[in-house]
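Enquirer: What follows is the residue order along each chain.
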Amino acid sequence: MLKYVTKRLAYTLIVLVLVSLTVFIIFNFLPIDPARLTCGKSCFPALIEANRHRLGLDVPWWEQWIRFMHGLVAGRNYAEGSAALHCGAPSFGYSFNQHSCVTTIIGQAFPVTFGLAIGSFFLWIVLGVTLGVVAARFKGRLADRLATAFVLIGTSLPTFISGILILLFVALKFNLLNPIEMGMWHSPFTDPFGYFKEFIFPCITLALAYAASYTRFTRSNVIETSSEDFIRTAKAKGLSNKVILRKHTLRAALSPIITIAGLDFAGLLGGAIITEGIFNLPGLGRLSLKAVLIDYDLPVILATTLLAAAFVVVANLLVDIAYAYIDPRVRVG
Amino acid sequence: MSDKNMAGTRRRIIATAAAAALAAGGLLVGGATGASAAAAKSGGTLYMVTHNGQFAHADPQRNYTGQDIAFFNTYVYRNLVVYKPAAGPSGSGLVADLATNTGVPSNNAKTWKFTLRPGVKWEDGSAITCADVKYGVSRTYATDVITDGPAYALSMLNIPNNKDGSSQYAGPYKKTGQALFDKAVTCSKDNRTITFNLGHSVADFNYAASYPAFGPVKASKDTGDKYDLKPMASGPYKIAKYTINGEMDLVRNPNWSKATDIVRPAYPDNVTVRFGLDSNVIDQIMLTDSIPNTVNLDGLQPVNNQKFFAEAQYSARRMNVNDPYVRYYGLNSSPGHLDCLLVRKAFFFAWDTQALIDLSGGSQFYGAIGDNPIKPVLGLDYAPTTGNTHDSNFKAAGNPTYAKSLLDQAKTVCPATYAKVTGDVGLSIDLPNNATQQKASVLMKAALSQAGFNVKFNFIPGGQYYPTVQDITKQGDASRAGWGADWANASTVIPPLYLKDGGFDLSGNWLDPVYAGFAAKVTAALAMTDRPKQAAEWKSLAQFAMDQYWISVPIFTKQQLDWGSKVGGVAFWDPQGTFLFPALYVK
Amino acid sequence: MTTPFLEVKNLNVSFPTEDGEVMASQDISFNVALGETLAIVGESGSGKSVSNLAVMGLHNRARTNISGEAWLNLASGPVDVISAPEETVRRLRGKSMAMIFQDPMSALHPYYSIGDQLSEAWRLYNEGSKSDGIKRAAQMLDLVGIPDAARRVQEYPHQFSGGMRQRVMIAMALINNPSLLIADEPTTALDVTVQSQILQLLRDMQKEFNMAVILITHDLGVVAEVADRVNVMYAGKIVEKAGIDSIYYNSLHPYTMGLLSSIPRVDQLGGHRLKTIPGQPPSLIGLPAGCSFRSRCEFASNVTGNLCATSAPLLEIKAPEHASRCHLSVEQLNEFNPSDVRGTHK
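Residue numbers (the working numbering), protein chains in the order written: chain A, 1 to 333; chain B, 1001 to 1587; chain C, 2001 to 2346.
Don't take each hint at face value.
[As the list claims (entries may be wrong)] Distance ranges between label pairs, derived from CB positions:
1) C:Ser2283 to A:Val243: 31 to 39 Å
2) C:Gly2128 to A:Ser187: 45 to 53 Å
3) C:Asp2019 to A:Phe138: 18 to 26 Å
4) C:Tyr2125 to A:Ile326: 51 to 59 Å
5) C:Ala2062 to A:Leu157: 54 to 62 Å
6) A:Leu146 to B:Gln1450: 54 to 62 Å
7) B:Lys1175 to A:Lys7: 52 to 60 Å
Source of the hints: derived by calculation from the structure; they are not laboratory data.
Every residue, glycine too, gets a C-beta built ideally from N, C-alpha and C.
Input sequences plus hints: build the corresponding full structure.
Expert: Written out as structure tokens, the structure reads:
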């Protein structure tokens, strides 16, 4: 097991390095000149070049990459003279748009996204799996049909609609949320109730969107597993239906969910762009959207892209390790 | 969202973003006030909401968008001079603020002196000195740190340039050429009078000085790039908290003294700006008046705007005004593009202006057909032009027959240009890539095709739109644009729009044979200190530009404002194109 | 004759489907006593598993129509597992009656260790800790001939070969000392060499535990090694039931005869072509009147008149301890019985 984990860790590191290289190459070949974008009204070539130097874009992409990697390990300095700045390791760069080290910006945005991801993850797993199991157990009956209706609505209603509906017709309509306070970021430690109020609606929005597919997935997996030979064996042993469902059916039916859930969760950690936008949560999704669409804030785009990729890669690793733990067949192979 | 908030880097260039057809329905047009005559009241929290994630800049030397300047000059900074806090045309006049006068010119307006008011203090309790103003101005020269700000100091102060166009002074961080700056800007011995030595006559330098770029910064508190997050306050409020995508919270600055300030009543106890709210949430707040002490910095979304300006229940909370902007398409008259007057004229007359206005909210909300790059709000410098939209052949919905006849003439007069715009190469129009412009392109194509143009479009992502079209090698034949005067003088309209180095010349006209004579007149007008004579010159130059058809049909745009029922004193600040912030109070 | 442990009387199992009712097994009656092995032989779909799953109560009652009786003569008194409440039947499963299945590869839960799975079965009916259960599991594994049982008890199903897994299944079925073991095609999925080992094991275990064993198989060759009596099933019905020798030497049903001649035999190597029964068994939905086998029966023409088509034959006693469902007379059947089967089988 240890050898397996070590090997997978090494692969993961290599993948992350490759991802960072790819991102650098892609940004290098985009037909956008970030230096030109920083140039104000009185633009002349020397200023563009000065800005290019300030942004560290006056060297080839591979050198930018080496500087970036070096910054990650050792920190980096920006600007010159009395306006010089330093971003300590691990430095993802400096955002001249937000006037902060990218690591600091990420550090502020990540807890928001993390809270949203955890909250909605918990909700959708509980909701999706419960509904799926109920639907499977009462296949063809009313409960099953209601669950199917939920799946249909959930999968066909995008978050930018469900989010707005929940916000306007539930949260604001019944004064459950003060619109002027939205996104003021209540700390879960000093103001748990404020935090809860702020996060419950976006969590529900996301959970609804995800839960639907988990319901469908759980339902079909439970039904499929129920007809497995080993379930008949369990029955033949004299186990009660409850024990069979809990210990035998679900164990086998839900294990594949770990893969999907792990990757979905990792995807959310990269930022829920639409939901964060609607509920004004200053998380990674808002951050990347603003960086891409409004500011073309390259260091932030780079960092959020890499981070999102890293989450997925690391989630893959964790899922595989979890799988090895759950499914003995993987462990040996 | 109002256009200018999205412009970011340039105060007066209208942004490229979806231009949420600023709809509305009020009858009030022009610096009207929506507030009753009730007496203003101190105290309370004034909220402002916007879907933008942050102020473009909070650093005085980098601040260059109308609303941001108005906001910070009202609440956080004091400035040598500011616009008069008054509704209507008088708001375009200057009042002394940090200075005791609005500037004293001498030496044929090549030297300007301002004397500082005594007793004005920084947030930290120290006195604001001439050295602080001088240091603030010097920061504009640190172009690698202090980005996006106006470049008036760079172009006006008597400091020589390097060959590549950059100044020989590199700003206070690197200090290269510091002696040159110390000569151009000097302080009196008592550290109270600042003297600006200009490289050429600038009759309205004091208007440039109304920009916070000429405001003070205390050298020991300068944090370079990070100063943009927390500039030290000199005005009635200080920044208690500022988080991007979050909020800016202003609280009273105990070191501000009302006695020294004739501009700012400073009514509310707190001013809180909430950033990044979803447009739907903002509209909901405004429609339901759920947070009555709120001012909407963005304007409503089109559908809600129509409702808001149609229903009587909102009548006390809305205002429909002329904004400072003119919208047009720059017609690229450089060789290989629309280098033939007849072709440009054909374009002008084929243009379905009405359809485009209707697409963006109609005459009521979006704007009216204009005849000039200078907007009537500039008063002195505006006069109706002749020809163009006053021509008997002009039709608001386009006149393809007439346009076709012009093109037919072009066939013999300038066959190459004719062949290009009607043939396979075609006429290319630059548009920012968004839903509204995608729709607009269909209307444009329909109208121009009827006249015989082969129309093509180049959709450019929003953030890269202006950098792209301002590069003559990348510009197409016609590019969507907008512009507003920096202050009430067409010196901030005609030169930037039609001089090669003006900064926003989308007409490529410096390659036009008529350019040399035109440019000479513009340069001469810039130096005129006789204001009425200068105004006459601007009028004639605007007429010339229109006769050359360097731009498509101008549209004088409108803007709608809305606010909550507990906000008092609401009025429009003409020169800033936004709320008259100093007058706002919480009822 | 001893009192049978299991008495099945007129058992019918059918599944309602969209296309109609599938008559999976009809009018099934048989007995099996402790220490005795009954083989149930037939092609797939003949209803041989279905009737036994009904005895085990493994059908979903909501989706199955079951009628008839199946009595377990327990020490505590007889119980009809067909009419008894589901919970009562469940408490008998694994304790009084156990079942092993065709495919040992998929019949064990892949995520649990062998020890866990055996221990779970034991602890269901015995007081004891989990480690007691594991110990007991190891004993059982040892008993069914798995070497190094104490270590292998911690391993997972995928670490065992097919034959070993079937041994595990047997161990698990027998861990609570049941009186009835239903083995549903226990050797079908296994290599030929492993097959006889498993059959041998079943025989040994039967002796060890003194069980009634029902061996369900499509392979008459397997039956010969272990069964005392044989029921041959076709299209949901028992078509012949008799002692093992009677079936082999004096089969009284054309279908059984067909099956017998299709067995490859060691003493007939070289050149001898195996006979097959032509045609397909009929659909179990809307069975036609008459004999279900008639379309494949090579002797149907010998029956007077149109009897095979019009009237379904009854299961009649045609010889001592020997019943058959056929319109042909015993004489005719004896005549048609292939001589090689009669003459050469030991």
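Enquirer: Run every hint past the structure and note whether it holds.
Expert: Tested hints:
Take Ser2283 (chain C) and Val243 (chain A): their Cβ atoms lie about 38 Å apart, and the range 31 to 39 Å holds. Checked against the hint of 45 to 53 Å, the C-beta distance between Gly2128 (chain C) and Ser187 (chain A) comes to roughly 52 Å, which is consistent with it. Distance hint check for Asp2019 (chain C) and Phe138 (chain A): the Cβ-Cβ separation is about 24 Å, which falls inside the suggested range of 18 to 26 Å. Separated by about 29 Å at the C-beta atoms, Tyr2125 (chain C) and Ile326 (chain A) break the suggested range of 51 to 59 Å.
Separated by about 34 Å at the C-beta atoms, Ala2062 (chain C) and Leu157 (chain A) break the suggested range of 54 to 62 Å. Distance hint for Leu146 (chain A) and Gln1450 (chain B): a CB-CB separation of about 57 Å, consistent with the stated range 54 to 62 Å. Distance hint for Lys1175 (chain B) and Lys7 (chain A): a CB-CB separation of about 56 Å, consistent with the stated range 52 to 60 Å.
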